[in-house]
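J.: Once you have looked at the hints, place chain B on chain A.
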Amino acid sequence: MAHDGTASPTGTTNTELVRIATSEHRLARYGLIATALTFVGLFLVLPLAAVFTEALRNGPGEFLTVLSDPETFAAIKLTLLVAGIAVPLNLVFGIAAAWAIAKFEFKGKAFLTTLIDLPFSVSPVISGLVFVLLFGSHSLLGPWLQSHGIQILFAVPGIVLATVFVTFPFVARELIPLMQEQGTSDEEAALSLGASGWQTFWHVTLPNIKWGLLYGVLLCNARAMGEFGAVSVVSGHIRGLTNTMPLQVEILYNEYNFVAAFAVATLLALLALVTLVLKSLLEMKYSAQIAASRRH
Amino acid sequence: MTARTASLWQIRQPSVIPGFGLALGVTLSWLTLIILIPLSGLVWRSSALGWATFWELATDQRTVNALRISFGTAFLAALINVFFGVVLAWVLVRYRFPGKRVIDAMVDLPFALPTAVAGIALTTLYAPNGWIGSLLTPLGIKIAFTPLGIVFALVFVGLPFVVRTVQPIMEEIDKEVEEAAATLGANRLQTIRRVLLPGLAPAVLTGFALAFARGVGEYGSVIFIAGNLPYVSEIAPLLIVIRLEEFAYPAATAIAAVMLVISFAMLLIINMIQAWSRRRYGYGA
Chain A
3 MAHDGTASPT GTTNTELVRI ATSEHRLARY GLIATALTFV GLFLVLPLAA VFTEALRNGP
63 GEFLTVLSDP ETFAAIKLTL LVAGIAVPLN LVFGIAAAWA IAKFEFKGKA FLTTLIDLPF
123 SVSPVISGLV FVLLFGSHSL LGPWLQSHGI QILFAVPGIV LATVFVTFPF VARELIPLMQ
183 EQGTSDEEAA LSLGASGWQT FWHVTLPNIK WGLLYGVLLC NARAMGEFGA VSVVSGHIRG
243 LTNTMPLQVE ILYNEYNFVA AFAVATLLAL LALVTLVLKS LLEMKYSAQI AASRRH
Chain B
-19 MTARTASLWQ IRQPSVIPGF GLALGVTLSW LTLIILIPLS GLVWRSSALG WATFWELATD
41 QRTVNALRIS FGTAFLAALI NVFFGVVLAW VLVRYRFPGK RVIDAMVDLP FALPTAVAGI
101 ALTTLYAPNG WIGSLLTPLG IKIAFTPLGI VFALVFVGLP FVVRTVQPIM EEIDKEVEEA
161 AATLGANRLQ TIRRVLLPGL APAVLTGFAL AFARGVGEYG SVIFIAGNLP YVSEIAPLLI
221 VIRLEEFAYP AATAIAAVML VISFAMLLII NMIQAWSRRR YGYGA
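Read top to bottom, the protein sequences are chains A and B. Following the numbering used here from start to finish, the first sequence increments by one per residue and tops out at 298. Following the numbering used here from start to finish, the second sequence increments by one per residue and tops out at 265.
By construction, these hints were calculated from the structure, which means they are not laboratory data. Among the hints, a few may not be true.
Only pairs whose alpha carbons sit at most 25 Å apart, straight line, appear in this in silico SDA-like list of lysine to any residue [to be verified]:
#1 Lys122/B <-> Ala51/A
#2 Lys287/A <-> Val82/B
#3 Lys111/A <-> Ile14/B
#4 Lys212/A <-> Val158/A
#5 Lys111/A <-> Gln254/B
#6 Lys287/A <-> Met150/B
Excised from the complex, chain A in its bound form (with noise of 0.2 Å):
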């Protein structure tokens, strides 16, 4: 159909017929909007929103001191060593899995993918719990574990080892569907040229993928910092000691310590917000370098 603007007997164009034909009749419209901004009003700005009011009620000198507490302070910093640890090990461990899955064809690839994705259809409890099941002391290692004196569970390679479980699948999800995309050309060139894999690797695919690289990388690490149900398991909420920002939270919360509860919960807010902001800009700005499934 030629959408010429020749007039019809009622006086509206071709292309505003089809304009009227193909959406939905104003108050629709108006209706739909409302309902979508009414949930999200409900569902996502207001707890948001509770957060910072709830951690500000008695001011922000009190708000400061909270945050000034030495076990709050431990807890950011158990948590910033874990992230620390668990991101770059599931960092190298993406790149790996998508170099062998995306840039070879071979026998299991798409069965390896599913159990790379495993961790996604695992509740975070039962990732600890397996860690529990195997470290513990009624377990076969437990004894054995015991008696070299090597504490993981109740201890901080407990809580990195049930971070690393949960955070798993993130690099190597964004990383695979990317590197697909891009095909090998560009690395079968560089070798013809004569550049050695590691070359290779380095000057040609990581320029590639940075960005894609970047993406899964913040999302690893806003897991990995505001993880709960796996780490609350491995932990044995040692004060001071072994708990992470997010059961320090759940500790001052079930102590009815509001303010400070949500003080520390701002500080995981406002890691949420960075990401969230970060992760717009890279989907604005570099969206061809990100993976299509992310792309919208």
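T.: For chain B alone, kept in the frame of chain A given last:
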């Protein structure tokens, strides 16, 4: 023995790209160490219980109720998310209004906000003396500390799954299909119901499945708002934690095994439905 027979036995097709062995080696060892060994430990421990013990633990009334609450509330929350998620995706894809960019970015908040923070924030809002709860209390509606509170938390957690799976497919819809329907005499509602929605079905189903799977396992955001009354508002992941704290490892293992089996079975069924509807409607998620 010719090259042809050899290729049948080859694990991968030949390629000039180096590093396959190293990359696959790192991937498989890391996967085995972090995911496969711990998970098979769970399988091994639950099979070591023996069928009779396992069945007794899995059919314990408190366990059955907890599982029913987890799966029921997750199902309901995923349904609510399908409705509002599709409306939200539609509004974001088709309409222009002030603040659209911010709303679009906000949709991912549940992915980025730690669940414990979401939990205490939602409780503050929907508790009987909370911002919204205090408005509902005179009407006799109680959200926090009831199963309804669990549904609210799971709606929050699952929303981005539906929006983010439906949105890209909606963007791909060819406007000409709608024009054709309109030319053939369909009114707008008919076009949406008969032409647009069936094409979106696989994506909607995928979003539903992801939101549902996430909701079943969710812990952090739920425990604050649920009230955690045994038999009434106690979710299965919380019961696992309680059993662990009682050192009742067999019971915790049994609940976890049941949850895993049901979740995987549901994902499998939904994958099959999706494959079927992709064959029928052409484009899928």
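J.: Run every hint past the structure and note whether it holds.
T.: Right, here's what the structure says about each hint:
| no. | hint | result |
| --- | --- | --- |
| 1 | Lys122/B <-> Ala51/A | 22 Å, holds |
| 2 | Lys287/A <-> Val82/B | 16 Å, holds |
| 3 | Lys111/A <-> Ile14/B | 19 Å, holds |
| 4 | Lys212/A <-> Val158/A | 30 Å, violated |
| 5 | Lys111/A <-> Gln254/B | 21 Å, holds |
| 6 | Lys287/A <-> Met150/B | 22 Å, holds |
This entry does not satisfy hint 4, going by the numbered hints stated previously; all others are met.
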